[in-house]
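K.L.:
Take a look at the letters that make up each chain.
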Amino acid sequence: LAKTTQPISMDSYEGQEVNITCSHNNIATNDYITWYQQFPSQGPRFIIQGYKTKVTNEVASLFIPADRKSSTLSLPRVSLSDTAVYYCLVGDFNAGNMLTFGGGTRLMVKP
Amino acid sequence: EPEVTQTPSHQVTQMGQEVILRCVPISNHLYFYWYRQILGQKVEFLVSFYNNEISEKSEIFDDQFSVERPDGSNFTLKIRSTKLEDSAMYFCASGNFGQTQYFGPGTRLLVL
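First to last, the protein sequences are chains A and B. Take the first sequence: its position 3, counted from the start at 1, is 5 in the numbering used here, and no numbers get skipped. Take the second sequence: its position 9, counted from the start at 1, is 46 in the numbering used here, and no numbers get skipped.
Source of the hints: derived by calculation from the structure; they are not laboratory data. Take every hint as true, because none was put in to throw you off.
Stretches of chain B that chain A covers, calculated by requiring three or more beta carbons in the stretch to come under 8 Å of a beta carbon on chain A:
id, segment
1, 78-86
2, 121-132
3, 137-143
We put the beta carbon where it would ideally sit given N, CA and C, even for glycine.
Turn these sequences into a full structure, and let the hints guide you.
P.N.:
Now the structure itself:
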């Protein structure tokens, strides 16, 4: 199972773009990179997933360099409601696999 | 948008009692999971369930725990003889692909 490393916490201000980088040096060929968001006292919420290059959806963008040893979650123009813990997960796409959560990155968005 | 639901939202029980936590996964999902999160700690995997049987379980999921899909919609986690250290948020999740899982709002279990 590929180990991930991400900053423990980050601060930002409303309206700024936030980039959270995750390193996963021993990512395997079959592994995908997935990001989840968790608000206090709520379940994690799937944000975005990718294998290589760039993926964008209505919530975020995910940038993955060619070597896939890291990835960056980009949140455009954050608001106070984006204050949450963001988790980077790496794992096989096979159905039924458990998710292994690390400590995540605690993002605090300030007014 | 379909979502995973869980009941109850809160449960207080005495040590040694049995509790059943209930979940209704998203209807077209085939894989079901239970996770827990002790206050201030990481989300931990407990068990995954597919085709009416356990497909994977963690070390946490010992004989005290069991899961069941009693009908076509519900998915339950039973904890027999609860301990103080079972106090946590319990999350149910469902999905069709390994890394994309949809979590419910959780049940906060407090064992006294």
